[in-house]
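Asks: If you want the building blocks of each chain, they are given just below.
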Amino acid sequence: KQEVTQIPAALSVPEGENLVLNCSFTDSAIYNLQWFRQDPGKGLTSLLLIQSSQREQTSGRLNASLDKSSGRSTLYIAASQPGDSATYLCAVKFRNFVFGPGTRLSVLP
Amino acid sequence: DAGVIQSPRHEVTEMGQEVTLRCKPISGHNSLFWYRQTMMRGLELLIYFNNNVPIDDSGMPEDRFSAKMPNASFSTLKIQPSEPRDSAVYFCASSWDGNTEAFFGQGTRLTVV
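Chains G and Z, in that order, are what the protein sequence lines are.
Quick note on numbering: my numbering labels position 82 of the first sequence as 178, and the sequence is numbered without any gaps.
Quick note on numbering: my numbering labels position 112 of the second sequence as 119, and the sequence is numbered without any gaps.
For the record, the hints were derived by calculation from the structure and aren't laboratory data.
Do not rely on the hints blindly, as some may be mistaken.
[As the list claims (entries may be wrong)] Across the chosen pairs, the derived CB separations fall in these ranges:
#1 Z:E69 - G:G156: 40 to 46 Å
#2 G:E152 - Z:P68: 35 to 41 Å
#3 Z:I62 - G:S148: 18 to 24 Å
#4 Z:K85 - G:E113: 43 to 49 Å
#5 Z:T45 - G:P178: 26 to 32 Å
#6 Z:P88 - G:V116: 43 to 49 Å
#7 Z:T118 - G:V116: 35 to 41 Å
#8 G:P104 - Z:R92: 26 to 32 Å
#9 Z:R92 - G:A125: 29 to 35 Å
#10 G:V116 - Z:G23: 46 to 52 Å
#11 G:T122 - Z:P88: 34 to 40 Å
#12 G:A125 - Z:I62: 17 to 23 Å
[Stated by the list, open to error] Quick list of in silico lysine-lysine cross-link-like pairs, DSS-like style, CA-CA up to 30 Å:
#13 G:K138 - Z:K31
#14 G:K138 - G:K189
#15 Z:K85 - G:K97
#16 Z:K75 - G:K138
#17 G:K164 - G:K97
#18 Z:K85 - Z:K75
#19 Z:K31 - Z:K85
#20 G:K189 - Z:K75
#21 G:K189 - G:K164
#22 G:K97 - Z:K75
#23 G:K189 - G:K97
#24 Z:K85 - G:K164
#25 G:K164 - Z:K31
#26 G:K138 - Z:K85
#27 Z:K75 - Z:K31
Being a predicted model, the structure only gives us computed values, none of them experimental.
Every residue gets a Cβ at the ideal spot worked out from N, C-alpha and C, and that includes glycine.
Let's have the full structure, built from the sequences with the hints guiding it.
Replies: See the structure below:
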């Protein structure tokens, strides 16, 4: 069964810290991997998409890496801000997208 | 483009009633997805359309659920009859094709009482 897990489930950090969110998946035969953020009561906002042939993608303070062979992706957030507080979801495209349970991030001012 | 548009944003209905959720994908996108999100099970793919054709409906929970995409700019997810356990947030998403970046709507929060 193709599964996606995310660690930690929740994270609380002071403003300004750099942090890493982790995503693991059970099958290395993927098409791509996408990171989203979800604010409470809202939809999902796409952050970064990494194709299976890529190793990383960057957008502003965000950097996502992909290691297919080990079944892992990380989302690095530099200089965290209170506005980064949200749930971060990793979605892996096997035959279809499978979502992880998310990491709930709180950045304290 | 206004993004993926879903309606209604909230729906409260009584058990046994028919519920229809609507989605307008981003113009030019060929793939459309319906997801359900609950606290217990997270985000689950219900059905995936490509070029208006259902490609994978293995996530549709049971025969009470049906989805249609009559044209490239509109899709519906229908539940008949609805049950309290169907209460969830239902999201629609679209992408250029099934392997590119997916964009989500704001969701429909369904409550069945």
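Asks: With reference to the structure, classify each hint as holding or not holding.
Replies: Going down the list of hints, with the structure as the test:
1. Z:E69 - G:G156: 40 to 46 Å: Since E69 (chain Z) and G156 (chain G) have Cβ atoms about 43 Å apart, the given range 40 to 46 Å holds.
2. G:E152 - Z:P68: 35 to 41 Å: With Cβ atoms ~37 Å apart, the hint holds.
3. Z:I62 - G:S148: 18 to 24 Å: holds, 19 Å
4. Z:K85 - G:E113: 43 to 49 Å: The hint (43 to 49 Å, Cβ to Cβ) holds, given that K85 (chain Z) and E113 (chain G) are roughly 46 Å apart.
5. Z:T45 - G:P178: 26 to 32 Å: Cβ of T45 (chain Z) to Cβ of P178 (chain G): about 28 Å, so the range 26 to 32 Å holds.
6. Z:P88 - G:V116: 43 to 49 Å: Once the Cβ atoms are compared, 46 Å apart, the range 43 to 49 Å for V116 (chain G) and P88 (chain Z) holds.
7. Z:T118 - G:V116: 35 to 41 Å: Holds: the Cβ-Cβ distance is about 37 Å, inside 35 to 41 Å.
8. G:P104 - Z:R92: 26 to 32 Å: holds, 29 Å
9. Z:R92 - G:A125: 29 to 35 Å: Hint holds: Cβ distance 33 Å, inside 29 to 35 Å.
10. G:V116 - Z:G23: 46 to 52 Å: holds, 48 Å
11. G:T122 - Z:P88: 34 to 40 Å: holds, 36 Å
12. G:A125 - Z:I62: 17 to 23 Å: holds, 18 Å
13. G:K138 - Z:K31: holds, 17 Å
14. G:K138 - G:K189: holds, 22 Å
15. Z:K85 - G:K97: holds, 28 Å
16. Z:K75 - G:K138: holds, 24 Å
17. G:K164 - G:K97: Cα-Cα ~17 Å, so holds.
18. Z:K85 - Z:K75: holds, 8 Å
19. Z:K31 - Z:K85: holds, 15 Å
20. G:K189 - Z:K75: Holds. K189 (chain G) to K75 (chain Z) sits at ~23 Å (cutoff 30 Å).
21. G:K189 - G:K164: Holds, because 12 Å separates the two Cα atoms, which is no more than 30 Å.
22. G:K97 - Z:K75: holds, 28 Å
23. G:K189 - G:K97: Measuring from Cα to Cα gives roughly 14 Å; hence the hint holds.
24. Z:K85 - G:K164: violated, 37 Å
25. G:K164 - Z:K31: This hinted pair is violated, its Cα atoms lying about 34 Å apart.
26. G:K138 - Z:K85: Given that 30 Å is the threshold and the Cα spacing comes to 22 Å, the pair holds.
27. Z:K75 - Z:K31: With a Cα-Cα distance of about 12 Å, the restraint between K75 (chain Z) and K31 (chain Z) holds, given a limit of 30 Å.
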